[in-house]
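Protein chains in written order, with our numbering: chain A, 7 to 118; chain B, 7 to 118; chain C, 7 to 118; chain D, 7 to 118.
Keep in mind that the hints were calculated from the coordinates and are not lab data.
All figures in this text were calculated on a predicted structure; none of them were measured in a lab.
Wrong hints could be hidden among the right ones.
No copy is singled out in the list; a pair is fine if it fits within one copy or between any two copies.
[Said to hold, decoys possible] Restricting the straight-line Cα-Cα distance to at most 20 angstroms, the calculated cross-link-like pairs of lysine to aspartate or glutamate (EDC-like) are: (1) Lys110 - Glu15; (2) Lys111 - Glu39; (3) Lys110 - Glu45; (4) Lys110 - Glu76; (5) Lys68 - Glu97; (6) Lys110 - Glu98; (7) Lys69 - Glu109; (8) Lys111 - Glu99; (9) Lys71 - Glu90; (10) Lys111 - Glu42; (11) Lys110 - Glu99.
There are 4 protein chains.
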Amino acid sequence: MAGKKKREEACFEAGIKLGALFHQFIGIPVSMENVELVERVMESCMKLQPYVSFSKVRIDRKKLKKSMSEFGYTSLEGEMLYAEVVVRVDEEEVRAILRWDEEKKYPLMSLI
Amino acid sequence: MAGKKKREEACFEAGIKLGALFHQFIGIPVSMENVELVERVMESCMKLQPYVSFSKVRIDRKKLKKSMSEFGYTSLEGEMLYAEVVVRVDEEEVRAILRWDEEKKYPLMSLI
Amino acid sequence: MAGKKKREEACFEAGIKLGALFHQFIGIPVSMENVELVERVMESCMKLQPYVSFSKVRIDRKKLKKSMSEFGYTSLEGEMLYAEVVVRVDEEEVRAILRWDEEKKYPLMSLI
Amino acid sequence: MAGKKKREEACFEAGIKLGALFHQFIGIPVSMENVELVERVMESCMKLQPYVSFSKVRIDRKKLKKSMSEFGYTSLEGEMLYAEVVVRVDEEEVRAILRWDEEKKYPLMSLI
């Protein structure tokens with residue numbers, strides 16, 4: 007019973023982290039120059055939050071180039087973004103990802 | 007088993023909604039004039055998202071007044087914000103809230 | 007001389023408003039259902055800020071529909087957004103707009 | 007005449023950069039651990055944008071510590087933020103800053 011509650015909490019916390027990541031960072035100015043720095047800061051912002059034991063963020067360079075404006079940068083879009091987070095509440099660990107679903111045209115977040 | 011998975015998904019989805027809400031709207035210019043409109047748009051943004059059956063947002067008028075700048079408005083802060091969301095995945099329904107925890111100095115999100 | 011300074015300040019203030027609008031609201035969940043409400047709240051957030059005498063926001067319904075996800079809403083993107091602001095500092099009034107420039111692939115902001 | 011226009015444009019562009027910075031980054035999770043990284047990414051995001059020749063961001067460590075939650079981090083607030091940007095349009099250069107004005111309780115942006 008307690009384990010079940012802990013697992014539900016871990017799922018809830020994982021959702022918070024991905025929802026937060028997307029809505030905090032979408033729109034950020036990004037180019038080939040600062041893309042790595044942007045990934046690292048996004049990972050650090052997830053890692054700071056309670057219960058997070060692992061975080062990974064990748065911005066798709068091909069899509070980044072494709073969206074590039076005449077000014078040599080663009081605004082971060084859901085289509086470019088991949089993120090992964092592992093949350094641990096006591097013994098219960100859950101992993102969740104955010105990835106663009108081309109068919110649904112949606113930044114799909116899921117427990118895996 | 008399937009019910010358990012559905013419940014975990016519902017918890018995950020509830021987390022997404024509250025994490026998204028906070029990080030999308032913190033910083034928005036708000037005053038006594040547009041505070042109701044801001045609450046309604048925040049509720050509508052939660053309601054649009056998958057599995058949400060109910061959403062409620064309240065901005066604390068006292069704290070809003072207390073934070074008021076010389077220019078008659080302020081930026082929305084975590085301290086002022088209360089939110090509630092109900093998520094339903096098939097038969098499984100979960101309710102989660104976001105409220106400022108004065109002791110923890112933190113916009114605490116929890117399953118209730 | 008003083009008029010020149012006032013004009014420069016008005017230009018500066020107009021820039022603040024459009025930069026703020028874009029980066030606060032990009033990513034907000036939007037659909038045909040709440041698009042008018044979103045436009046109104048965006049206008050109200052500009053109007054609250056110092057020196058603003060007029061604000062207008064329009065979200066392109068065609069582009070909104072085109073970006074629609076399987077879940078019946080999408081995240082607000084620069085491509086969909088048109089905004090106008092009038093700023094007045096004493097006698098000096100400037101008008102600025104934000105509109106998507108298809109050729110530059112950029113949400114161009116300009117004094118007009 | 008042309009110079010005057012260029013100067014007004016430079017003022018407008020400087021405003022865009024500070025308005026964008028504030029509203030993109032307010033709410034970002036920040037602690038003593040990632041504060042330098044956050045400053046660097048904020049600077050890089052300003053530097054990418056058109057006409058910017060210099061950018062500087064500082065987050066006040068004392069205020070950061072004072073706002074620290076029980077979880078060892080906080081959300082970036084206007085009170086903690088100092089930023090500087092230099093914008094050059096042809097021969098016309100303007101410098102603008104964002105700093106917290108304690109008396110006005112406001113993140114004041116000004117041409118200097």
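Verification of the hints:
1. Lys110 - Glu15: Between copies, since 18 angstroms is at most 20 angstroms while 28 angstroms is not.
2. Lys111 - Glu39: between (27 angstroms within a copy, 19 angstroms between copies)
3. Lys110 - Glu45: Intra 25 angstroms, inter 25 angstroms, cutoff 20 angstroms: neither.
4. Lys110 - Glu76: between (29 angstroms within a copy, 5 angstroms between copies)
5. Lys68 - Glu97: Neither, since 39 angstroms and 36 angstroms both go past 20 angstroms.
6. Lys110 - Glu98: Neither: 30 angstroms inside a copy, 24 angstroms across copies.
7. Lys69 - Glu109: For lysine 69 and glutamate 109, both the intra-copy (16 angstroms) and inter-copy (18 angstroms) Cα distances are at most 20 angstroms.
8. Lys111 - Glu99: neither (29 angstroms within a copy, 26 angstroms between copies)
9. Lys71 - Glu90: Classified as neither: same-chain Cα gap 22 angstroms, cross-chain 29 angstroms, threshold 20 angstroms.
10. Lys111 - Glu42: So lysine 111 and glutamate 42 fail the 20 angstroms test inside a copy (25 angstroms) and across (23 angstroms) alike.
11. Lys110 - Glu99: Classified as neither: same-chain Cα gap 28 angstroms, cross-chain 24 angstroms, threshold 20 angstroms.
In terms of the numbered hints stated before, the structure departs from hints 3, 5, 6, 8, 9, 10 and 11, listed from lowest to highest.
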